[in-house]
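According to the working numbering, the sequence shown is numbered sequentially starting from 88.
No lab work stands behind these hints, which were simulated from the structure alone. We put the CB at the ideal spot given by N, CA and C, even for glycine. A few of these clues could be false.
What the hints assert, rightly or not - Using C-beta positions, here's what the derived DEER-type ranges look like:
(1) Ser214 <-> Ala173: 19 to 29 Å
(2) Gly120 <-> Arg149: 14 to 24 Å
(3) Arg117 <-> Ala184: 13 to 23 Å
(4) Ala251 <-> Arg174: 32 to 42 Å
(5) Glu114 <-> Arg215: 16 to 26 Å
(6) Arg119 <-> Lys197: 28 to 38 Å
(7) Ala167 <-> Pro130: 14 to 24 Å
(8) Gln232 <-> Arg118: 24 to 34 Å
(9) Gly203 <-> Gly237: 17 to 27 Å
(10) Lys197 <-> Leu153: 14 to 24 Å
(11) Ala173 <-> Arg149: 15 to 25 Å
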Amino acid sequence: MTQELRAAAIRHDGSCDVDALLAEVTEAERRRGRRVRGLLMAPAASGGDCLVEMVLVDVDKRDGYLVSQPLGRDSKACRADPQGFARASMVLRSAAAEEPDLVVCNRFGKLEAEGGGFSAELLEILSRDIPLLTVVSHHLVDDWQRFTGGEAALLPPTRAAVDAWLARTLA
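Could you put together the complete structure from these sequences and hints?
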């Protein structure tokens, strides 16, 4: 019998601002006195524009990490900046070593699904049985399930669902 991982992904289906939901939950847990570490997506300077810079913020130190690169308006290539992700990854590596009450990660995305991005750091966090909360696009749910061996929760994008998972996991 396998034990379920203490990990969950909020399914991003476009029905709500999952970045705001993850930030709201993170702050609520910190106010409860829990040690929460990890990365959140900074609010975009303007809504919906694919050319807006993507910045990740360390939830503890509030340092920002630019993880996108300007490729020009007509570019169809991925804007993710591998060097930016490498710099931001130190936040997750530190979290794994620190073993806080909860680690949040802005996304399990295409990079992680392909074995890059923060995949090594997320696996380290999971291997240490540290509770992990992230977001996954509905397009990458199967990849998330493969990554976690089908042992992580998949949550609807609601505060009630996330709070219920946290209550069970952090009890």
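For each hint, the structure was consulted:
no.	hint	result
1	Ser214 <-> Ala173: 19 to 29 Å	21 Å, holds
2	Gly120 <-> Arg149: 14 to 24 Å	19 Å, holds
3	Arg117 <-> Ala184: 13 to 23 Å	19 Å, holds
4	Ala251 <-> Arg174: 32 to 42 Å	34 Å, holds
5	Glu114 <-> Arg215: 16 to 26 Å	24 Å, holds
6	Arg119 <-> Lys197: 28 to 38 Å	33 Å, holds
7	Ala167 <-> Pro130: 14 to 24 Å	19 Å, holds
8	Gln232 <-> Arg118: 24 to 34 Å	32 Å, holds
9	Gly203 <-> Gly237: 17 to 27 Å	22 Å, holds
10	Lys197 <-> Leu153: 14 to 24 Å	18 Å, holds
11	Ala173 <-> Arg149: 15 to 25 Å	20 Å, holds
When held up to the earlier numbered hints, the structure conflicts with none and fits them all.
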